[in-house]
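Student: Sequence:
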Amino acid sequence: MLSVRAIARVASSRTVYQTSNFSAVTKCIPFYSASRSHPASRPILKQISHFSVSSISRSKKAGGDEDLVAKLQSEIDLENDIKEDSSQPQSIKDYLSNSPFSITDIPGQEDVTLKRTYGDEKIQITFSIADLNMDPDPEFNDRAFGDEEEEGNEESNEQKTPEESEEEPALPNRLNIIVEKPNHGALLIDAAVQDAVVMIENVFHYPDAAHAYAKSPEKLHERQDLYVGPPFGNLDEDLQVLFERYLDERGINSALALFVPDYIDAKEQKEYVRWLENVKKFVKA
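Every letter in the sequence shown is one number past the one before it in full-length UniProt numbering, and letter 73, counting from 1, is 73.
Quick caveat, the hints were computed from the structure, so don't treat them as lab data. Since the structure is predicted, the reported quantities are computational estimates derived from the model, not experimental observations. Take these hints with a grain of salt, some might be off.
Using C-beta positions, here's what the derived DEER-type ranges look like [to be verified]:
no.: 1; residue 1: Glu110; residue 2: Gln88; range: 16 to 26 Å
no.: 2; residue 1: Tyr118; residue 2: Asp67; range: 53 to 63 Å
no.: 3; residue 1: Gln194; residue 2: Glu218; range: 30 to 40 Å
no.: 4; residue 1: Asp236; residue 2: Val283; range: 50 to 60 Å
no.: 5; residue 1: Ala196; residue 2: Glu237; range: 20 to 30 Å
no.: 6; residue 1: Ala196; residue 2: Asp67; range: 43 to 53 Å
no.: 7; residue 1: Arg116; residue 2: Gln88; range: 18 to 28 Å
no.: 8; residue 1: Val241; residue 2: Ile82; range: 36 to 46 Å
Every residue gets a Cβ at the ideal spot worked out from N, C-alpha and C, and that includes glycine.
Modelling step: build the complete structure from the supplied sequences, incorporating the hints.
Tutor: Shown next, in the form of structure tokens:
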């Protein structure tokens, strides 16, 4: 069923369309003299006054632009107030001052990179603020059940005691870890951090380190047919524990697992404000 807002939009568009057609039809109407002998038996253009739809459209657009700019500025002010009220988490300051990793964070880009050397190894860790926009439970994303879920949540919240109404567990943040050795290729480790824990998902080995860093279609295609190892969960449990120790010795530990989600939150807030400001400038231009 169409909503009232949708019906209003359709009615408005039809009215403008009909008005525009009427204006186009009535611009020129031929008028013939009743006397055949009249020298001006040619069509006489009868002037009919009409209004301009384009001028109204321009005025409405301008008004809409002003409203949009005002709302964008309101959002910017709100985000800046939040930023002033909440300083950078102490975990971020502590980690950046004590960590062996150097950080690369380019404004306007989603990915953040940490790099360090460990002996003759080059270690690179990449994470992204895009994780915040991922649907944690896509199986229940059907809008048709939205009302039922909302009612169920209300009943559930009423039954919970204050002690039971704790915050939901944090979403995992994915890590792309590359450990490279000269002339020995590289390990590509897919992992995630959640609740101060680093969880390994896959460990791949590439004899050619370029395949671990692959981003071009050619390199990605080349590594598709390579056997890079079994699923991590299929490994012997002792072997899994030793891989976790392997990462821990290289600084990929609980301190990193605390740092990443805090940094993602802070960066996402900065990028959101930057996006608001850029869109506002575009609309005003």
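Student: Could you run down the list of hints and mark each one as holding or not?
Tutor: Hints, verified against the model:
1. Glu110 / Gln88: 16 to 26 Å: holds (20 Å)
2. Tyr118 / Asp67: 53 to 63 Å: With a Cβ separation near 55 Å, Tyr118 and Asp67 satisfy 53 to 63 Å, so the hint holds.
3. Gln194 / Glu218: 30 to 40 Å: Given range 30 to 40 Å: holds, Cβ gap about 34 Å.
4. Asp236 / Val283: 50 to 60 Å: holds (59 Å)
5. Ala196 / Glu237: 20 to 30 Å: holds (21 Å)
6. Ala196 / Asp67: 43 to 53 Å: The hint (43 to 53 Å, Cβ to Cβ) holds, given that Ala196 and Asp67 are roughly 45 Å apart.
7. Arg116 / Gln88: 18 to 28 Å: holds (22 Å)
8. Val241 / Ile82: 36 to 46 Å: holds (41 Å)
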